[in-house]
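Chain V: place on chain U using the hints.
The lines below spell out each chain.
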Amino acid sequence: QKEVEQDPGPLSVPEGAIVSLNCTYSNSAFQYFMWYRQYSRKGPELLMYTYSSGNKEDGRFTAQVDKSSKYISLFIRDSQPSDSATYLCAMSVTNAGKSTFGDGTTLTVKP
Amino acid sequence: DVKVTQSSRYLVKRTGEKVFLECVQDMDHENMFWYRQDPGLGLRLIYFSYDVKMKEKGDIPEGYSVSREKKERFSLILESASTNQTSMYLCASVGDRDRLGNSPLHFGNGTRLTVT
Chain U
1 QKEVEQDPGP
11 LSVPEGAIVS
21 LNCTYSNSAF
31 QYFMWYRQYS
41 RKGPELLMYT
51 YSSGNKEDGR
61 FTAQVDKSSK
71 YISLFIRDSQ
81 PSDSATYLCA
91 MSVTNAGKST
101 FGDGTTLTVK
111 P
Chain V
1 DVKVTQSSRY
11 LVKRTGEKVF
21 LECVQDMDHE
31 NMFWYRQDPG
41 LGLRLIYFSY
51 DVKMKEKGDI
61 PEGYSVSREK
71 KERFSLILES
81 ASTNQTSMYL
91 CASVGDRDRL
101 GNSPLHFGNG
111 TRLTVT
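Protein sequences, first through last, are from chains U and V.
For reference, each letter of the first sequence is one residue, going 1 to 111 in the numbering used here.
For reference, each letter of the second sequence is one residue, going 1 to 116 in the numbering used here.
The shape of chain U in the complex, shown without the other chains (with noise of 0.2 angstroms):
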């Protein structure tokens, strides 16, 4: 079984949908939080970074951590055509150490 499970996708969306991506984990040891978006042919590069539970807001985008549950939620409001990437949870036991990834799920969202 692996660490860390993200729901698969695709997803596609209207423009202005929220959109809900959510990850799994099993290891407890897990207390950095971190959502990467995608863009074709590109690098990941960081959407949000979260430290042990709790919510964190940026602009659209909400990051929830429940470490209770061992589950991780990225929350986008009023989704744009531009917000159509892959999306990648992951995690990490110290802070700048090595990540743990979800398999990413990948969003359309249309105009």
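Some hints could be false.
[What the hints assert, rightly or not] In silico DSS-like cross-links for lysine-lysine, where the CA-CA straight-line distance does not exceed 25 angstroms:
(1) U:2 / V:57
(2) U:98 / V:3
(3) V:13 / U:42
(4) U:56 / U:70
Simulated from the structure, these hints should not be mistaken for lab results.
Only chain V this time, still in chain U's reference frame:
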């Protein structure tokens, strides 16, 4: 902005060849990583390094080695390329916390390697 540069975007090699993938970062980061990315398998860690001349195996090190002679450069070596090493290879670096208190991975744009 941190820049991680991978020397080749596309590479085609023959089975049995020795292959070098080069990665350079310009932010004096201590930690560097090599991942491969395959459809349905996500990013898997091959090797990482926390300092010059130091290396540690990741989750799938078989068939690979690495070299870190200088802090800014981390090379991935395929000793004898095989077709199952056809993949997208991503290099990343991470340093101290940034101004937001985060320590995210900074990725290059990847090298797509095809072994025939």
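Original post:
Within a Cα-Cα threshold of 25 angstroms, do residue 13 (chain V) and residue 42 (chain U) meet the stated pairing?
Top reply: 22 angstroms, holds
**OP:** Would you mind confirming whether the straight-line C-alpha gap from residue 56 (chain U) to residue 70 (chain U) stays at or under 25 angstroms?
**Re:** 17 angstroms, holds
Original post:
Is the hinted pair residue 2 (chain U) and residue 57 (chain V) satisfied, with a Cα-Cα distance of at most 25 angstroms?
Top reply: Holds, at about 18 angstroms.
Original post:
Are residue 98 (chain U) and residue 3 (chain V) close enough, with their CA atoms no more than 25 angstroms apart?
Top reply: Roughly 19 angstroms separates the two Cα atoms, so the pair holds.
Taken one by one, the earlier hints all hold for this structure without exception.
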